[in-house]
Amino acid sequence: MKIGLTYDLKSVYLKNGYTEDEVAEFDSEETITGIEQALKDLRFVSERIGNIKELTAALVSGKKWDLVFNICEGMFGQGREAQVPALLDAYQIPYTFSDPLVLALTLNKGMTKRVIRDCGVPTAPFLVIESLQDLADFDLKFPVFVKPNSEGSGKGIGANSVAENLESLKNICTKLLYTYNQPVLIEKLLSGREFTVGILGTGKKAEAVGVMEILIKSDAEEQTYSSFIKQHYQERVDYKLAEGEIEENCKTISLKAWKALGCRDAGRIDLKMDENGILNFIEVNPLPGINFIHSDLPILVYKQGWSYKQLIEAILHSASERMINKFSL
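Residue numbers for the sequence shown, in this note's numbering: 65 to 393.
What the hints contain is simulated information worked out from the structure, not anything from laboratory work. Accuracy of the hints is not assured; some may be wrong.
Said to hold, decoys possible - DSS-like mimics (lysine-lysine), calculated; alpha carbons at most 27 Å apart, straight line:
id	residue 1	residue 2
1	74	373
2	304	323
3	315	252
Use the sequences and the hints to build the structure in full.
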């Protein structure tokens with residue numbers, strides 16, 4: 065089987081003048097090399113494709129692959145994560161991870177929370193605003209947590225993400241609206257414990273493979289799981305596997321959300337407790353970070369005794385099952 069690799073390489077965008085914040089979700093050479101080595105160990109032939117423009121050129125030239133291992137985040141538009149899968153669908157080339165519908169929906173945190181809430185999954189009360197004038201409809205109790213509506217990797221989140229009053233809320237929203245040029249999500253502050261749940265598989269075969277609690281050390285510069293904290297987690301975060309009733313509750317909620325949204329192959333669901341210890345859905349990552357050293361999903365499965373090779377194999381197995389089912393219809 066010949067597997068193509070689609071990705072957004074951080075160094076390429078930096079050379080073209082984009083900022084570190086703009087490319088925070090993109091991948092390093094280390095990540096691509098790690099995936100290639102895992103594929104080689106699994107006895108697959110791999111070929112680097114690159115970003116959506118490089119994929120487009122390759123498809124126009126007549127290139128094909130049996131499967132594409134897709135980790136492209138995209139740069140432009142509300143459906144940027146969905147662009148590569150949509151293009152591959154047009155050429156009828158199978159790929160790993162979720163489809164365009166799921167990736168377009170889940171990039172929009174507010175829309176995702178509406179779907180999740182309608183499916184009976186607990187999530188904090190929220191409001192999405194497109195301008196400061198929309199704050200006229202603000203009816204949440206302070207404190208609230210504020211972040212960009214369509215970003216990942218902790219972008220736009222930091223020590224100043226909590227608003228205690230209307231004035232601070234307006235200041236945070238002004239900065240985020242200007243910086244990210246997209247709507248802002250405002251939600252009730254969840255002050256309890258935080259967890260991330262690793263999920264492998266699709267549909268009825270999906271399973272939660274582990275629950276990891278995120279414990280930010282008391283002496284860290286920020287007490288929010290921000291882009292800065294994620295990048296420097298070694299000295300600032302302790303990761304601990306959850307056990308017992310909390311683990312089971314996290315798995316139950318996360319699987320319900322995963323299946324309701326139609327996510328595929330592998331990803332993470334983030335949960336946090338409120339002041340009463342009630343678990344709430346924060347967000348889903350259907351296109352998870354896959355760096356073999358730094359990313360949450362690999363860290364989580366390592367704690368369960370898995371190797372990186374086994375993780376990649378499980379993702380490919382799930383994608384391959386979908387291919388077989390499609391061709392057997």
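Hint by hint, here is what the structure shows:
For the suggested pair residue 74 and residue 373, the alpha carbons sit about 23 Å apart, so the restraint of at most 27 Å is met. In summary, the hint linking residue 304 to residue 323 is supported, as the alpha carbons are separated by about 25 Å, within the 27 Å threshold. Between residue 315 and residue 252 the alpha-carbon distance is near 23 Å, which keeps this suggested pair within the 27 Å criterion.
Of the numbered hints listed earlier, not one is contradicted by the structure.
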